Amino acid sequence: MKPLFKSLIILTVVVVAAIQALAAEKIYVYNWTEYLPESVLAQFTEKTGIEVVYTTYDSNETMYAKLKLIKKDGYDVAVPSTYFVSKMGREGMLMTLDHTRLPNMKHLDPDILNKDYDPDNNYSIPYMWGSTGIAVNTDEIPQEQITSWKDLWKPEFKGKLLLQDDLREVFHMALRIKGFSGNTTNPGEIEQAYLLLKDLMPNVLLFNSDSPRLPFLAGEVGIGMIWNGEAWMAQKENPAIRYVYPKEGASFWVDSFVIPQGARNPKGAHAFINFMMNPDVAKACVEEYGYPTPVKPAIALLDSNISSNRTIFPDAKVIQQGEFQNDVGPAIEIYQKYWEKLRTGN
Amino acid sequence: MKIADKTRFFIILLISGWFILFGVTPLLLLVMTSFLTMDPADLVQFSFTLKAYSQLFIEPGYIIIFIRSVKLALATTLLCLGFGYPFAWYTARMPPKWRTSVLILLMIPFWTNSLVRTYAMRMVLGTHGILNKSLLSLGLINTPLKIMYTDYAVLAGLFYLMLPFMVLPLYATIEKLNFQLIEAARDLGAGAVSAFTKIIFPLTLPGIMAGCIMVFVPTMGLFYVASLLGGARQLLVGNLIQQQFLNARNWPLGSATSIVLIIFMALMLIGYGLLLHRFSRERK
Chain A
1 MKPLFKSLII LTVVVVAAIQ ALAAEKIYVY NWTEYLPESV LAQFTEKTGI
51 EVVYTTYDSN ETMYAKLKLI KKDGYDVAVP STYFVSKMGR EGMLMTLDHT
101 RLPNMKHLDP DILNKDYDPD NNYSIPYMWG STGIAVNTDE IPQEQITSWK
151 DLWKPEFKGK LLLQDDLREV FHMALRIKGF SGNTTNPGEI EQAYLLLKDL
201 MPNVLLFNSD SPRLPFLAGE VGIGMIWNGE AWMAQKENPA IRYVYPKEGA
251 SFWVDSFVIP QGARNPKGAH AFINFMMNPD VAKACVEEYG YPTPVKPAIA
301 LLDSNISSNR TIFPDAKVIQ QGEFQNDVGP AIEIYQKYWE KLRTGN
Chain B
1 MKIADKTRFF IILLISGWFI LFGVTPLLLL VMTSFLTMDP ADLVQFSFTL
51 KAYSQLFIEP GYIIIFIRSV KLALATTLLC LGFGYPFAWY TARMPPKWRT
101 SVLILLMIPF WTNSLVRTYA MRMVLGTHGI LNKSLLSLGL INTPLKIMYT
151 DYAVLAGLFY LMLPFMVLPL YATIEKLNFQ LIEAARDLGA GAVSAFTKII
201 FPLTLPGIMA GCIMVFVPTM GLFYVASLLG GARQLLVGNL IQQQFLNARN
251 WPLGSATSIV LIIFMALMLI GYGLLLHRFS RERK
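Read top to bottom, the protein sequences are chains A and B. Residue 63 in the numbering used here is what sits at position 63 of the first sequence, and the numbering runs on without skipping anything. Residue 139 in the numbering used here is what sits at position 139 of the second sequence, and the numbering runs on without skipping anything.
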C-alpha cells in the first residue's frame with residue numbers, strides 16, 4: 001500500500017498547487033526600467049487581489065520586438081511612447097480600450113488627451129510625460145557653459161558624452177539645431193540631421209537608456225542627454241548634477257498604458273490602468289521618479305518643493321520652446337535606417 | 001532484443017533526438033531565415049533573397065565590426081596565453097596538494113554567473129572603483145583613470161572571464177610533460193631558451209592550440225561583456241546579432257551574421273584539427 005499512499009500525496013500536492021496557480025488572478029505588466037514604484041504594485045494587489053508580474057525594457061524597440069513575437073497569452077499592459085502607440089495601433093497590435101471600465105479618466109488633464117497619435121484615446125491612457133534635456137556635472141563643467149544642444153558637439157567633450165539609446169530623442173537634437181521640427185517626415189531633413197550626428201559620434205562615450213543617471217553618479221560621464229526625472233533623482237544623490245533645458249528646445253514625450261492584442265487578462269489590465277489614475281497613486285509615482293503626471297488632482301497633493309521644481313514641472317515658456325514627440329508615420333523607417341548606420345559606425 | 005541492446009538503442013535515440021531537436025532544427029531555421037526577406041510589420045516575408053548576405057558583405061559597417069571583433073578576440077587570446085602559460089606552468093610544478101587548491105581557486109569564480117561577474121568588473125574598473133581608489137591611495141596616479149566604457153574595459157572583462165579556459169588545457173598538457181626530457185636537454189648543453197623552444201614549446205603545443213581555440217571562439221559571441229563594459233561603439237559580432245534580432249528586427253540579417261560567424265568558427269576548428277593531425281604524424 002505504501003507506493004499508492006506516496007503517489008496519493010504527490011497527486012494532492014500537484015492538484016493543490018495547480019488550483020492555487022489558477023485561483024490567483026494575474027496581470028503581466030511590461031514597463032520601462034525604474035518607472036513604477038513597487039509599493040504601488042503591492043497596493044494594487046492588496047486592493048484588487050490581482051497579482052502583478054512585472055518585467056521591464058529599456059527601449060521602445062525592444063518592447064515592440066517582443067510584443068510582435070507574442071500572438072497570444074502575452075503581456076496585459078505595456079507602456080510605449082506616443083509614436084509607438086500609433087505604430088502599434090496601425091499594425092493591429094493593440095486592443096481598443098473600454099472607457100466605461102476607466103472611470104478615473106476624469107482626473108486626466110484634457111490638454112494631454114485626444115492627440116494625433118491616438119485620437120479619442122482609443123488605445124492608450126497617458127501614464128507620465130517628461131522631457132529630454134542635458135545633464136551637467138557642475139563639478140567638472142561650469143553650468144553656464146552649457147546652454148544648447150549644440151554644446152554637446154564641442155571638441156573638448158571627445159569620448160565623454162552619454163546619449164540616450166533612443167533614436168527619436170537623438171535625432172531631435174540634431175533636427176532642432178538645424179532648425180527643423182523634431183517630428184519631421186522630410187527625408188532630406190532627416191539626412192541632414194544624420195550627417196550632423198555623424199560628427200557627434202566621436203564625442204559619444206556610451207548609449208544608455210536603463211538609468212542614464214547611474215553613469216553620472218558613478219563619475220563616468222560629466223555631460224549628456226538625460227530624462228528630467230532621472231536628472232532629478234541624480235540631483236538628490238549628488239547636488240552637483242544639474243538639468244539644462246537646451247535653448248533649441250527640449251524634447252517632450254508621453255508614455256502611455258496600452259493593452260496589447262493577445263493579453264491574457266484584459267479585465268485585470270483595465271482595472272490596473274484605472275488604478276494608476278488614482279490621484280494618490282499618481283502622486284506616489286511623481287515623488288518616486290520625478291516625472292510630471294497627467295493626473296491633475298495629484299499635483300495639488302504634492303509637496304510644494306516638488307510641484308514647484310522646474311526640473312520636474314517645466315514652466316510654460318520652456319514647453320513652448322520645446323516640442324512634443326509625435327507620430328512620424330512610415331518615416332520612422334528612414335530614421336531607423338540612419339540610426340542603425342550611426343550605431344554600427346558607418 | 002536483449003536488454004543491453006534495448007538500453008543502448010534507447011540512449012542513442014535520446015541523444016540523437018536531443019541533437020536533432022536542439023542542434024539541427026534551430027540551425028536549419030537559422031539558415032532558412034537568413035534567406036528570407038525582412039518585413040517591418042511582420043518580421044519576415046517568405047520570399048527567397050540573398051539580400052541579407054549582400055548587405056553583410058557590401059555595406060562597410062558590418063565588415064568593420066567583424067574585423068574589430070577578430071582583433072579583440074585575438075588580443076584576449078594573446079593576453080590569456082601570456083598570463084595563462086606561466087600560471088599553468090608553475091601550477092603544474094607545485095607539490096600535488098598545492099596544485100589542487102590552486103585549481104580550485106581558479107574554478108571558484110565559475111560558481112557565480114558570468115553576468116554577475118561582469119557587473120562586478122564595473123565596480124573594479126569604474127572612476128570611483130576599487131582599481132582607481134587603490135592606485136590613488138598608493139600615489140601612483142593623481143586623477144582617476146577613465147577605463148569604463150572603453151575598449152580596454154571590454155578587454156579586461158573578456159580576459160578575466162576567459163582565463164580559466166586557457167589555463168586548464170595548458171595545465172593538462174604541462175602536467176603530463178616528461179620533465180626528464182628537459183633534464184636531458186640541459187645535460188646535453190641546451191640553455192633555458194633552447195630547452196623551451198626545442199622541447200617544452202613543441203610538447204605543449206597541443207595545449208596551447210586547444211587553449212587558444214577555447215578562448216578565441218566563444219569570445220566573439222560574448223555580447224553582454226561588450227554591452228556592459230563597452231561604450232558606444234559596437235565591438236563584437238555578438239552585439240551585432242543581438243541588435244539585429246532585438247532592436248532592428250532584421251532577422252534575416254541577424255541570421256546571416258550568425259551563419260557567417262558559425263562558418264568562420266568551423267573553419268578555425270577544421271584548421272586546428274588539421275594542425276593537430278599533422279603534428280601527431282610528425283611526432284611519429
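Hints in this document: simulated from the structure, not taken from any laboratory. What you are looking at is a predicted structure, and each value in this text was computed from that prediction instead of being measured. Hints are not guaranteed to be accurate.
Stated by the list, open to error - Within a straight-line C-alpha distance of at most 27 Å, the following computed DSSO-like cross-link-like pairs (lysine-lysine) qualify:
no., chain 1, residue 1, chain 2, residue 2
1, A, K198, B, K133
2, B, K133, A, K341
3, B, K133, A, K47
4, B, K51, A, K68
5, A, K160, B, K97
6, B, K146, A, K236
7, A, K154, B, K146
8, B, K146, A, K150
9, A, K158, B, K71
10, B, K71, A, K236
11, A, K337, B, K51
12, B, K133, A, K160
13, A, K198, B, K71
14, A, K158, B, K51
15, B, K146, A, K66
16, A, K160, B, K51
Each hint tested on the structure:
no., hint, verdict
1, A:K198 <-> B:K133, "36 Å, violated"
2, B:K133 <-> A:K341, "38 Å, violated"
3, B:K133 <-> A:K47, "48 Å, violated"
4, B:K51 <-> A:K68, "23 Å, holds"
5, A:K160 <-> B:K97, "50 Å, violated"
6, B:K146 <-> A:K236, "24 Å, holds"
7, A:K154 <-> B:K146, "19 Å, holds"
8, B:K146 <-> A:K150, "25 Å, holds"
9, A:K158 <-> B:K71, "24 Å, holds"
10, B:K71 <-> A:K236, "42 Å, violated"
11, A:K337 <-> B:K51, "15 Å, holds"
12, B:K133 <-> A:K160, "21 Å, holds"
13, A:K198 <-> B:K71, "24 Å, holds"
14, A:K158 <-> B:K51, "36 Å, violated"
15, B:K146 <-> A:K66, "35 Å, violated"
16, A:K160 <-> B:K51, "37 Å, violated"
Of the numbered hints listed earlier, those contradicted by the structure are 1, 2, 3, 5, 10, 14, 15, 16.
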